[in-house]
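J.: The chain contents come next:
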Amino acid sequence: MRVVAAMSGGVDSAVAAARMLDAGHEVVGVHLALSRSAATLRESARGCCTIEDAGDARRVADRLGIPFYVWDMAQRFQRDVMDDFVAEYRAGRTPNPCLRCNESIKFTALLDKALALGFDAVATGHYAQVVERPGADGVVRRELHRAVDPLKDQSYVLGVLDADQLARAFFPLGDTTKPQIREEAAARGFSVAKKPDSYDICFISDGDTRGWLTSQLGEKPGEIVDAASGEVVGSHAGTYGFTVGQRRGLGLERSSLGAEPRYVVGVDAPSNRVLIGSADLLGVDLIAADHARWCGPAPAGEVRVGAQVRAHGEEIPAWARVDDTDPQVVHVRLDSRIRGVAPGQSVVLYDGPRVVGSATIASTDRAAAPVPTSA
Amino acid sequence: MSAYLDHAATTPLRPSAREAWLEQSAHVGNPSSLHTSGRAARAVVEESREEIADALGARPSEVVFTSGGTEADNLAIKGTYAARLASVGASRLVVSGIEHHAVLDPVEHLVKRHGASVTWLEPDRCGHISVEGLRATLAAEPLDAAMVSVMWANNEVGTVQPVAELAAVAHEAGVPFHTDAVQAVGQLPVSFAGCGADLMTVTAHKVGGPVGVGALLARRDATLVPLVHGGGQERQVRSGTLDAAGIRAFAVALTEAVAERDDEARRLTGLRDRLITGALGLDLGISVSGCWTEGDATERLPGNAHLLVRGCEGDSLLYLLDAAGVECSTGSACQAGVPQPSHVLLAMGYPEAEARGALRLSLGHTSMEADVEAFLAALPAVVERARRASGAA
Numbered sequence: 001m002r003v004v005a006a007m008s009g010g011v012d013s014a015v016a017a018a019r020m021l022d023a024g025h026e027v028v029g030v031h032l033a034l035s036r037s038a039a040t041l042r043e044s045a046r047g048c049c050t051i052e053d054a055g056d057a058r059r060v061a062d063r064l065g066i067p068f069y070v071w072d073m074a075q076r077f078q079r080d081v082m083d084d085f086v087a088e089y090r091a092g093r094t095p096n097p098c099l100r101c102n103e104s105i106k107f108t109a110l111l112d113k114a115l116a117l118g119f120d121a122v123a124t125g126h127y128a129q130v131v132e133r134p135g136a137d138g139v140v141r142r143e144l145h146r147a148v149d150p151l152k153d154q155s156y157v158l159g160v161l162d163a164d165q166l167a168r169a170f171f172p173l174g175d176t177t178k179p180q181i182r183e184e185a186a187a188r189g190f191s192v193a194k195k196p197d198s199y200d201i202c203f204i205s206d207g208d209t210r211g212w213l214t215s216q217l218g219e220k221p222g223e224i225v226d227a228a229s230g231e232v233v234g235s236h237a238g239t240y241g242f243t244v245g246q247r248r249g250l251g252l253e254r255s256s257l258g259a260e261p262r263y264v265v266g267v268d269a270p271s272n273r274v275l276i277g278s279a280d281l282l283g284v285d286l287i288a289a290d291h292a293r294w295c296g297p298a299p300a301g302e303v304r305v306g307a308q309v310r311a312h313g314e315e316i317p318a319w320a321r322v323d324d325t326d327p328q329v330v331h332v333r334l335d336s337r338i339r340g341v342a343p344g345q346s347v348v349l350y351d352g353p354r355v356v357g358s359a360t361i362a363s364t365d366r367a368a369a370p371v372p373t374s375a
Numbered sequence: 001m002s003a004y005l006d007h008a009a010t011t012p013l014r015p016s017a018r019e020a021w022l023e024q025s026a027h028v029g030n031p032s033s034l035h036t037s038g039r040a041a042r043a044v045v046e047e048s049r050e051e052i053a054d055a056l057g058a059r060p061s062e063v064v065f066t067s068g069g070t071e072a073d074n075l076a077i078k079g080t081y082a083a084r085l086a087s088v089g090a091s092r093l094v095v096s097g098i099e100h101h102a103v104l105d106p107v108e109h110l111v112k113r114h115g116a117s118v119t120w121l122e123p124d125r126c127g128h129i130s131v132e133g134l135r136a137t138l139a140a141e142p143l144d145a146a147m148v149s150v151m152w153a154n155n156e157v158g159t160v161q162p163v164a165e166l167a168a169v170a171h172e173a174g175v176p177f178h179t180d181a182v183q184a185v186g187q188l189p190v191s192f193a194g195c196g197a198d199l200m201t202v203t204a205h206k207v208g209g210p211v212g213v214g215a216l217l218a219r220r221d222a223t224l225v226p227l228v229h230g231g232g233q234e235r236q237v238r239s240g241t242l243d244a245a246g247i248r249a250f251a252v253a254l255t256e257a258v259a260e261r262d263d264e265a266r267r268l269t270g271l272r273d274r275l276i277t278g279a280l281g282l283d284l285g286i287s288v289s290g291c292w293t294e295g296d297a298t299e300r301l302p303g304n305a306h307l308l309v310r311g312c313e314g315d316s317l318l319y320l321l322d323a324a325g326v327e328c329s330t331g332s333a334c335q336a337g338v339p340q341p342s343h344v345l346l347a348m349g350y351p352e353a354e355a356r357g358a359l360r361l362s363l364g365h366t367s368m369e370a371d372v373e374a375f376l377a378a379l380p381a382v383v384e385r386a387r388r389a390s391g392a393a
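As they're listed, the protein sequences go chains A and B.
Position 45, counted from 1, in the first sequence is what my numbering calls 45; the numbers after and before it change by one each time, with no gaps.
Position 346, counted from 1, in the second sequence is what my numbering calls 346; the numbers after and before it change by one each time, with no gaps.
In case anyone wonders, no lab produced these hints; they're calculated from the structure.
Watch out, some of these pointers could steer you wrong.
Cβ-to-Cβ under 7 Å is the rule here; a few derived chain B residues that face chain A [unchecked claim]: (1) 319; (2) 337; (3) 338; (4) 385; (5) 388; (6) 389.
Even glycine gets a Cβ: it sits at the ideal position worked out from N, Cα and C.
Please model the complete structure; the sequences and the hints are all you need to start from.
T.: As structure tokens, this is what we get:
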């Protein structure tokens, strides 16, 4: 096959490209330029897409003897990922930009361009597995599975891929652990073998999400309110600095609230208020989510799943069903309550190691009959 | 075997220049040393200087060797600005909006950091800078202008400027005139004395010499404040040990290029016209940018074909052509491997959407008909694919 290897300049995508080449594919390395004002050098493990990163990717491509190009997707990234991120926070939600990037940049903009230019697929350095399995009808279908390395598993951020995208995707690292990948990179002589992992949000290079959002949205002072009493207990500079389940950075006088720790239990953007309350208000077991994406066939009726609401979060046994009237909406009923579920986060549904699909959390609630709260 | 159609970026080293470089590089000797080896190296440098001056209609004392075109442009712009500011207090730079970044960036640096102001001379749709426009600009504030800089021929679209007339207008106003002749030398008749410019930039690797050596031709009465201090080897204006082997190879390549120029220009004009008519004749929604007349080598460089492919992204075209064994360029500057929308096309009045589909095919001394035919043969499938990719993304 003719394959575009998306190369960030990091160790994972370097080994992924090498493995595709070893598997006998015709590979072209492509680095995505996602920043309109790329910095010359990396400053920290955070951030990405500097000119230095593009250079690192190029050196790996040189080493592999494959062609290498930089494709400019900065405008598209700004619109579909960064603007969306800001709009979600403005609306009081907590988005995960990595899912948006995989959905609309890597496996839409990049994949579509690659297909149009005559390629068959895109390979990335994500830790996840594609498993080919014949269905009841004998047709072989591709399934998305968790990676073997539970510490690195990235199937959560790929839960947005539909069957067509999955059919054109390769994740060559899913059967290996991260330490093994680093060893392999060193054995292959890649200069990036010891390069630190990137983490957090790539376009916020100093890791200060609240500060970055303030620069985008400006300060919007409002009240912090006790959810139980309705009493105003503090003030904030913008609801976008808060997310459900957050405990730190509330700036409250402890004395007025007693000794019990307080958490953000709700962000009400229209009234510009942050609601706080005790831990017991945080546990939820009912999730309504929209923007459903299925990695294979959509579930029929109520199905048994494992639900995960954040990257590297715990998987909770649950029942899920697609809404009777709106196929974009999914209802998830968790076996036990979990804390810190914010609208805007994605809920990814698993059947064993297989990713069933994902949806964006719109609202949460508690079932009338109390169920035990998981830790 | 790939078809190399990017001679405006760099052209293959001429075998004679390679030979000359190898020969000279076998000899030790700093041209500034006083002993026998030093004197021998100095003799090679000075003989080369005379040949280069001769080939370019200049005097040997007007040749200031540099590390290439970019340094020569920087020296011309920053050196003249500093000198004129000190001598007459003039702080305005009058510069065409279609210059190479080697001129644009020093100008912007002076504006940002050193209190300079700038008047951009905007081109017409062909890429020509108006002589009357320059006259009017200089007449508006005659005492303020520090210098005028207009390139001899544009590196993207190949438009040739009326350099002698522009220089004359600058001189009427008492303002020094610089021209970047990097693309013109070897393709057009270039005479430093004949054009009247005070300063002219040339470089070796565009005429088949090595990368890393060039020169600023500076009239004897041109005053320049040096950029690089440390020995003053070149007329007290440029410091650094002279590269005798590079300079020797530069002289050999330039002399050969200028000697062959008449025939070569005619040959390249023919290839260029075949390329352009062939591309337009494919009926793929391709147009030629700037102004082009078949057989003409006075308005447009003989070796320059610059095409706009409707509905395509330059980087897709470039990738697909590369995969098909045709090496070319979008013509505009890259940032970290990403072609930026061309400031030249935008200045000429092309909308950004059109400028995105730019493709520069540039011909040189090793170009053959087979290169042009390889490009034309690859083009239909490439355009069809690139157009789909543009729709997809």
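J.: For which of the previously enumerated hints does the structure constitute a violation, in increasing order of number?
T.: none
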